Amino acid sequence: MSTPLLDVTGLCKTYGTNVAVSDLSFTLPAGGSLGLVGESGSGKTTTARMLIGLERPDRGQILVKGEPLAAASRLARAKAVQIVFQDPYLSLDPRLTIRAALDDVLRLHRHPDRAARVTELLDQVGLGAREAAAKPRGLSGGQRQRAAIARALAVEPDVLVLDEAVSALDVSIQAQVLNVLADIRRETGIGIVFVSHDLAVVRYLCDEALVLHRGVVVERGAIEALLTDPQDPYTRLLISSVPHAGWSPEEISEQRRALQQRS
Amino acid sequence: MSTATVSHPRLQSRLGGWAARLGRLTWPVRICAVLLVLVGLGAVFAPWLEPYDPTDGDLSNTLVAMSGAHWLGTDAGGHDTFSQLLAGGRTSLLGPLGVVLFSTVFGALVGLFSAWRGGWVDALIGRVLDVMFAFPSLLLAILAVALFGKGLGAPVVAMAIAYMPYTARLVRSLTAQEKTRPYIAAYRVQGHSPAFIALRRLLPAVGPTILAQSTVNFGYALLDLAALSFLGLGVQPPTPDWGAMINQSQAAVLEGQPLSAVLPAVLVVVVVVAVTVIGEHFGDRLAGREAKA
Amino acid sequence: MWLRRVGAMALTLLVTSFLVFSSLYLAPGDPVAFLVKGRSPSPDQLAAIRHEYGFDKPFPVRYWDWLTGMLHGDFGQSYQLHASVASVIGSRLPSTLLLVGLSTVLIVVFGVGLGIFGALRKGKGVVVLVTVGAAVPSFTAAIVLRSVFGVRLGWFPTVGTGSGFGDELHHMVLPAVALTITFMALVTRVTRASMLEELGREHVEVVTSRGLSRSTVIRRHVLRNALGPVVTVSGLLISGLLVSTAIVESAFGMNGVGSLLVTSVDHMDFPVVQAIVLLVVATFVVVNTVVDLVYPLIDPRVRAA
Amino acid sequence: MNTLLDIKGLTVAMAGLGRPILDEVSLAVHDGEAVALVGESGSGKSVTARTALGLFPGGATVSGSVVVGGTEVVAAGPGDLRRVRTSVASMIFQDPRAGVNPVRRIGDFLTEPLRRIQGRSKAEATAQALELLGAVGMPDPPRHLRQFPHELSGGMLQRVMIAYALTADPRLLLCDEPTTALDVTTQAEIMAILGRLRRDRGLGILLITHDLDLAASVCDRVYVMYAGRIMEAAPSAALTSVPRHPYTRGLLGSAPPLTGPMPRLAPIPGAPLGLAEAVSGCPFAARCAHVVPGLCDATTPTLERHGDSQVACLRAAELIDETQGEGLR
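Protein chains in written order, with this note's numbering: chain A, 1 to 263; chain B, 1 to 293; chain C, 1 to 305; chain D, 1 to 329.
No lab work stands behind these hints, which were simulated from the structure alone. Be aware that a few hints might be false.
[To be verified] Heads up, incomplete: computed chain A residues facing chain D, CB under 10 Å, no partners named:
#1 E39
#2 I184
#3 E250
#4 I252
All values derive from a computational prediction rather than experimental measurement. Each residue gets a CB set at the ideal place from its N, CA and C atoms; glycine is no exception.
Hey, can you work out the whole structure from these sequences and the hints?
The following block contains the structure:
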């Protein structure tokens with residue numbers, strides 16, 4: 001059995017008295033794609049920030065290809081995990097053109113052929129020369145998010161964390177970006193951790209999923225099984241909350257109230 | 001040769017950018033910029049422009065009205081007003097320039113450091129700045145004069161210290177706000193060093209706003225230093241200075257000879273209005289760009 | 001919360017008082033020589049100064065004695081006026097407070113009023129007024145007011161403090177106006193900006209769309225919310241006003257604390273300078289603490305934080 | 001049937017823009033009916049809803065007609081506007097956090113319009129505020145009256161906003177993305193409350209949303225907007241089962257399904273039309289897979305009836321045959 005790409009054990013994070021993440025463990029095989037599903041306050045964003053080293057876990061360990069992330073050097077950590085944030089308007093440096101932003105990362109990591117790699121990256125996310133020469137201000141939300149993906153891919157990280165990376169986009173744009181991500185996954189075999197509140201989107205991109213509720217994993221498994229045969233009442237509530245034909249918000253409200261009373 | 005061919009188009013595009021920027025300015029800003037340049041040129045080239053020695057009082061020609069010999073008349077001490085205005089511009093503008101340069105550089109560094117480190121360092125610096133805020137600039141300047149004697153040096157240093165916390169706090173809050181943006185987090189995730197991110201990415205991002213504020217501060221510093229000279233605690237006659245000129249001409253005003261007091265006062269107002277309008281114009285533009293982004 | 005603020009205030013006062021006290025040691029040369037600079041003291045006087053300032057005691061003791069003296073109203077002796085600093089300042093304080101009080105009223109009424117007007121009316125009139133107003137130095141305003149309303153028109157006295165409350169007030173009008181202009185411009189600017197920001201907020205659109213009249217919306221949802229920044233600058237405003245009395249009182253030849261500061265610097269009467277500096281600084285610290293304590297009433301969100 | 005909101009040929013334009021913000025928009029909401037207005041950012045859906053309360057973008061030129069409860073609000077005087085806002089229509093906004101004055105207590109916020117507009121006494125107003133908080137499912141109304149907005153969660157605040165809208169006892173509720181800022185499970189609760197109000201009070205509802213599935217599942221009819229124009233109007237069932245406009249079809253094909261087969265998404269290429277961009281002909285032409293050069297970019301389509309739907313597409317008739325022939329969707 002080979003070492004998993006990403007191996008997370010017993011992750012805990014508390015802010016004051018508020019437990020954000022409690023005893024979270026999971027593994028991601030090479031080429032795998034895992035969804036972290038939850039609502040606000042579920043701890044999914046805190047987990048994402050711990051994975052990329054922006055937050056230090058109180059307890060627990062993150063191993064990338066068997067190496068502890070906490071012990072890695074700055075550059076090694078960057079090559080282990082990268083992230084795409086939610087807000088396309090704030091996640092790019094407003095003062096740099098897209099090309100300059102990509103070049104910046106590559107220079108830091110001493111890439112031998114930066115110009116060629118930039119072209120390759122732009123091509124991978126479907127941006128052209130015009131977008132490359134533009135600053136974020138001159139681009140649409142979807143284009144900015146593609147640029148952010150290219151920047152994250154630049155150093156060929158082992159794991160890509162997507163923190164609600166498509167939720168701020170218009171429906172038609174969201175679909176374009178989802179396809180870009182699906183293609184990247186297929187072509188590069190990169191490991192993906194997809195943080196989202198949207199089950200349908202997670203289903204499109206992931207093989208497996210964890211459902212988080214108030215910092216605790218309430219259910220985990222293959223996404224199709226999870227969706228067709230959910231075991232935990234909270235998972236069931238999440239699934240039924242998605243609007244569909246014959247949807248009854250009244251019933252869901254009752255379900256939710258029952259769940260709140262139980263906990 | 002190759003460097004020349006590469007840099008030339010870049011320079012040209014930069015010049016083009018500047019031209020385009022000038023073209024976008026509103027009329028009040030343009031007028032203010034022209035006035036400021038004129039006053040600045042007058043101060044720089046004062047030794048070559050002034051028709052009389054500004055420190056040389058001709059007691060046989062006091063309070064002369066505007067004439068061919070004395071374009072803007074003379075004051076009660078017989079000094080040529082036009083020459084005094086030109087020469088006075090040097091001290092009157094140099095002082096605030098010193099204040100702003102010093103307070104901006106140190107304030108920016110302190111603010112940046114404070115926001116970047118955060119935690120107890122930030123809290124401590126915040127407390128120190130709170131204490132510094134308690135000393136109004138003019139008061140600190142007066143105290144400095146009491147300790148070190150009259151002149152330009154001590155008050156300028158004192159005021160630079162008094163202005164520093166304003167810049168520091170602005171930079172701190174701008175940086176702290178900018179720091180929470182995902183693009184800064186992305187730089188960290190990419191493996192950039194904290195020093196690189198703070199100095200090469202954060203500082204340039206907040207720089208224009210700091211400059212806009214410092215431009216406005218220049219006006220306040222000019223007013224404070226002129227007030228000090230007016231009180232007889234700043235620049236000492238016979239060294240020409242606008243505030244001192246007004247002080248010297250007070251009696252003449254009450255005698256109905258206001259010219260030698262009004263003209264330096266007008267210059268003070270013009271320069272302060274001009275820097276305020278320009279500073280706020282760019283401040284608003286930056287704020288607007290922020291809102292749109 | 002309440003206690004913590006007051007504790008912080010006490011600490012700030014302690015630190016500032018220490019800074020003011022030790023500033024004497026920044027002066028070049030021997031402090032005693034500095035204190036008697038420009039005078040030719042007899043050996044007796046020198047000894048008295050040495051004793052009064054406790055130069056024979058260690059520095060912390062000196063500071064402690066000075067501080068406790070202050071707390072008992074003992075600010076030392078004025079060399080120039082041969083009287084206690086407390087009595088010298090005390091005799092001039094009422095006139096300065098009247099000047100500052102009058103000016104504060106003018107600033108609040110006209111500054112806030114103009115700010116509201118400028119925010120509600122389109123057009124740049126108020127902006128121009130504010131920009132120019134903030135650029136007019138108070139000494140220039142003083143000279144212009146004196147020559148126009150004092151000398152030309154003869155409506156107001158041009159010099160002195162006056163005697164009796166009515167006469168004092170009459171003497172005070174022009175100085176108060178001269179003192180007001182710059183600060184009024186500041187308050188107007190802050191009020192206008194704050195009002196405009198609130199006017200653009202969504203909660204204002206919500207109550208407007210609900211059909212509340214414009215005057216109710218502005219009174220209850222815009223003005224009230226816009227108060228915060230205006231109150232925040234008041235500490236700055238009060239200490240700025242106190243210092244600026246130096247300019248205005250000198251320009252109008254009034255006998256106040258401000259003009260005392262200037263003449264004391266001129267005559268190297270350091271104990272008086274020190275006491276006035278401390279007074280202004282303490283006023284700022286106290287006013288700011290009061291603002292901090294009052295602020296949660298204006299914005300309840302602060303209470304939670 | 002009584003028409004609560006009747007918008008006809010509404011055009012809102014502003015100088016300096018490439019296209020009108022709203023272009024010939026027509027839309028109706030009847031008594032007790034729930035109607036959705038769906039579109040992406042920049043489609044003009046929020047602007048449309050706001051016009052019903054006489055809230056037009058500053059400096060815009062407006063033509064056409066907006067009749068609310070029998071009152072024309074385009075160019076209406078302050079009296080008419082006030083009548084509409086205080087007794088006919090109320091609005092719920094997207095971000096409840098921004099929509100409630102942060103410095104006033106919830107009780108003050110709710111009783112203010114009751115006392116100042118409806119003219120209730122203080123006691124009456126408080127009693128009614130308590131009742132309304134109960135009606136929107138707040139657990140402890142007396143306590144909430146004393147609370148400040150920052151003490152409540154987003155979902156709770158949105159209920160307060162609904163209660164606020166109800167103080168007018170309106171017949172029409174305009175809901176501008178009322179659940180976009182909230183969690184998915186909270187969304188269901190808010191929708192349940194709106195559904196109950198509609199049933200119990202006979203309210204007409206105009207729901208503004210970007211979520212076509214949500215719109216179709218809770219509303220009777222759906223209008224689809226793009227670049228300031230109505231592209232398609234249809235009963236919910238018809239819209240999702242037989243989407244007739246290529247844009248509607250594109251939207252449906254852009255959302256990954258939660259159940260059933262998962263084909264590769266077929267997104268609409270390009271990006272929504274910005275306000276700075278000029279339009280000639282059909283505004284969707286540039287992104288449409290079925291565009292016919294010379295036709296679609298030359299003639300502006302108007303809404304035509306096809307089956308149960310109204311569609312603004314020059315090729316609607318042929319495309320419907322095509323899709324039915326291929327058995328798509």
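Which earlier hints turn out false for this structure, listed by number in ascending order?
2
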